[in-house]
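Please model the entire structure based on the sequences and the hints provided.
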Amino acid sequence: MGELIDFDKIKTKKRLKQIANEKGIVYEIYLTVVKYVYKYANTDLVSTSEFLTTEADLYILYGGNKERFNATFAELVQYWDLAPLPEDEVPDNQEFERFPTIGDLCTYIEKKVNKRKNS
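In the numbering used here, the protein residues as written are 1 to 119.
Incorrect hints may have been included.
Claimed, not checked - Heads up, simulated BS3-like pairs for lysine-lysine below, C-alpha to C-alpha not over 25 angstroms straight-line:
1) LYS35 with LYS111
2) LYS112 with LYS23
3) LYS117 with LYS35
4) LYS115 with LYS23
5) LYS35 with LYS66
6) LYS111 with LYS39
7) LYS35 with LYS23
8) LYS117 with LYS66
Just so you know, these hints were derived from the structure itself, not from any lab.
Have a look at this one:
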């Protein structure tokens, strides 16, 4: 059977690459993290009109909801083609300890992307 094509992912990648083109991969990583955080964050706690910095607390943005965080993480793993990840990299019930801020999540993705490029 043929491969399923995720047109939303393709469209998102194209748009974010265009925006981040001059600023590089670090900026693209930040933009993708913010995009997916906005998508799954608790809308009672965060508005898409708010500017999120790398210091933004993920526990607060998700209202402590690990399922919302895990949905964001899954989309980021798919977007950056990071799968499969070892189970112990993000232990269950320790998501917010492992990634307290947006910056921590960006740094994790940047390391994975760079490692993949260098291998």
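Now for the hints, and whether the structure bears them out:
no., hint, verdict
1, LYS35 with LYS111, "19 angstroms, holds"
2, LYS112 with LYS23, "19 angstroms, holds"
3, LYS117 with LYS35, "23 angstroms, holds"
4, LYS115 with LYS23, "20 angstroms, holds"
5, LYS35 with LYS66, "18 angstroms, holds"
6, LYS111 with LYS39, "23 angstroms, holds"
7, LYS35 with LYS23, "17 angstroms, holds"
8, LYS117 with LYS66, "30 angstroms, violated"
Hint check: a violation occurs at hint 8 only; the rest are consistent with the structure.
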